[in-house]
Amino acid sequence: MQSWGNLFAKGKVADITYKILFLLFVVIGAEATLVVVIKFSDVMILALVFPNMIGLLFLFLKVRHEIKCYVGAISIKNKQFKTVQ
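Every letter in the sequence shown is one number past the one before it in the working numbering, and letter 62, counting from 1, is 242.
Be aware that one or more of the hints could be misleading.
Ranges between beta-carbon positions, derived for each pair [what the hints assert, rightly or not]:
hint: 1; residue 1: Ile254; residue 2: Met224; range: 34 to 40 Å
hint: 2; residue 1: Val215; residue 2: Phe188; range: 43 to 49 Å
hint: 3; residue 1: Tyr250; residue 2: Val216; range: 52 to 58 Å
hint: 4; residue 1: Ala253; residue 2: Ile218; range: 42 to 48 Å
hint: 5; residue 1: Lys199; residue 2: Glu246; range: 55 to 61 Å
hint: 6; residue 1: Ile200; residue 2: Cys249; range: 44 to 50 Å
hint: 7; residue 1: Val251; residue 2: Leu228; range: 27 to 33 Å
hint: 8; residue 1: Asp195; residue 2: Gly252; range: 43 to 49 Å
hint: 9; residue 1: Phe188; residue 2: Ile256; range: 41 to 47 Å
These are calculated hints, taken from the structure and not from any lab test.
Cβ coordinates follow ideal geometry from the N, Cα and C atoms, glycine included.
All chains should be modelled from the sequences, with the hints used to inform the complete structure.
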C-alpha cells in the first residue's frame with residue numbers, strides 16, 4: 181500500500197481505490213483455477229521484466245563506471261592495508 185501511495189496521490193481516495201482493487205483480485209483469485217492464477221502471475225512477472233531491461237540498458241554505462249571506481253578504491257585500500265601490516 182505504501183508503494184501505491186508513492187506512485188499515486190496519498191489520500192483517502194487512493195487508499196480506497198487500492199483496497200477495492202485488492203479485494204477484487206482476491207475474489208478473482210479465489211474463483212479462478214490454479215492454472216489460471218499461475219499463468220497470470222507468470223504474465224505479470226514477464227511484464228515487469230521489460231521496464232527493468234530498459235532501465236538496465238540506460239544505466240549500463242553508469243553502473244560500469246561506478247563499479248570500476250569502486251574496485252579501484254578497494255584495490256588502493258588493500259595495497260595500503262598490506263603495507264601497514
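Starting from the hint 44 to 50 Å, judge whether the C-beta atoms of Ile200 and Cys249 obey it.
holds, 47 Å
Status of the given 34 to 40 Å range, CB of Met224 versus CB of Ile254
holds, 38 Å
Val215 paired with Phe188, Cβ distance criterion 43 to 49 Å:
violated, 32 Å
Taking the beta carbons of Lys199 and Glu246, is their distance inside 55 to 61 Å?
violated, 40 Å
Range first: 27 to 33 Å. Now tell me if the beta carbons of Val251 and Leu228 are that far apart.
holds, 30 Å
Is 42 to 48 Å right for how far apart the beta carbons of Ala253 and Ile218 are?
holds, 45 Å
Is the gap between the beta carbons of Phe188 and Ile256 within 41 to 47 Å?
holds, 46 Å
Take the C-beta atom of Tyr250 and the C-beta atom of Val216, compute their distance, and say whether it sits inside 52 to 58 Å.
violated, 45 Å
With respect to the beta-carbon atoms only, verify the hint that Asp195 and Gly252 lie 43 to 49 Å apart.
Once the Cβ atoms are compared, 47 Å apart, the range 43 to 49 Å for Gly252 and Asp195 holds.
Against the hints set out earlier in the document, violations occur for numbers 2, 3 and 5.
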